[in-house]
Amino acid sequence: GQSLEQPSEVTAVEGAIVQINCTYQTSGFYGLSWYQQHDGGAPTFLSYNALDGLEETGRFSSFLSRSDSYGYLLLQELQMKDSASYFCAVYAGNNRKLIWGLGTSLAVNP
Amino acid sequence: GAVVSQHPSRVICKSGTSVKIECRSLDFQATTMFWYRQFPKKSLMLMATSNEGSKATYEQGVEKDKFLINHASLTLSTLTVTSAHPEDSSFYICSAREEVRLAGGPGEQFFGPGTRLTVL
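Residue numbers (the working numbering), protein chains in the order written: chain A, 1 to 110; chain B, 111 to 230.
In isolation and in its complexed conformation, chain A is listed as follows (with noise of 0.2 angstroms):
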């Protein structure tokens, strides 16, 4: 079958820097995206991996290890605002679909 884990629930500070995990079994495997949601919304697009590595944007920053399986968003300087469910997706099999874990709540705290 295919699966993700992700970590239900992350707590963390104002300012701090917290990183949440995912690792993946899937077949067909194209690539791992994060996704924001924040309660009431849609989910909002943050990252995209096709190849092993970090990729930057402002101060969130996404890694994978494609022969680990597993990949992480990380946060840096936390605010308020990114209280919210994180999400990891794989693109994978034939068509293509979305495999969405099952998300981690992040509650940043003054």
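Bear in mind the hints are in silico, worked out from the structure with no lab data behind them.
Watch out, some of these pointers could steer you wrong.
The calculated EDC-like cross-link candidates involving lysine to aspartate or glutamate, where the alpha carbons are at most 16 angstroms apart (straight line), are [to be verified]: (1) Lys176/B - Glu197/B; (2) Lys152/B - Glu5/A; (3) Lys152/B - Asp39/A; (4) Lys151/B - Glu9/A; (5) Lys176/B - Asp198/B; (6) Lys152/B - Glu9/A; (7) Lys165/B - Asp175/B; (8) Lys174/B - Asp198/B; (9) Lys151/B - Asp39/A; (10) Lys130/B - Asp175/B; (11) Lys81/A - Glu14/A; (12) Lys130/B - Asp198/B.
Position chain B against the provided structure of chain A, taking the given hints into account.
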């Protein structure tokens, strides 16, 4: 990034009625659109993949006669929840895939703002 609109954003209906939700890609052509359902504090559940001009592909366990999908053009897909019941109450989200390849991959998905359906 590309914009996907969804209408209506919120709908309340009586049990037994049908509800149509529209999903539009506003500034790009989407040959593929996806319909998701999400329960509170849960992940997105893919319901079906909609390809322009052809029948939708439904995920296992999703009733195609219950959730009718039409992808009539490269910018519009509709989901109709037929004879809705309280258990159909959920957050329905569409997404559209831009076919320009992203780092050699299958292309980025852009999400609509979602439709919250409440069936009384």
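For this structure, which hints from the list above don't hold up?
none
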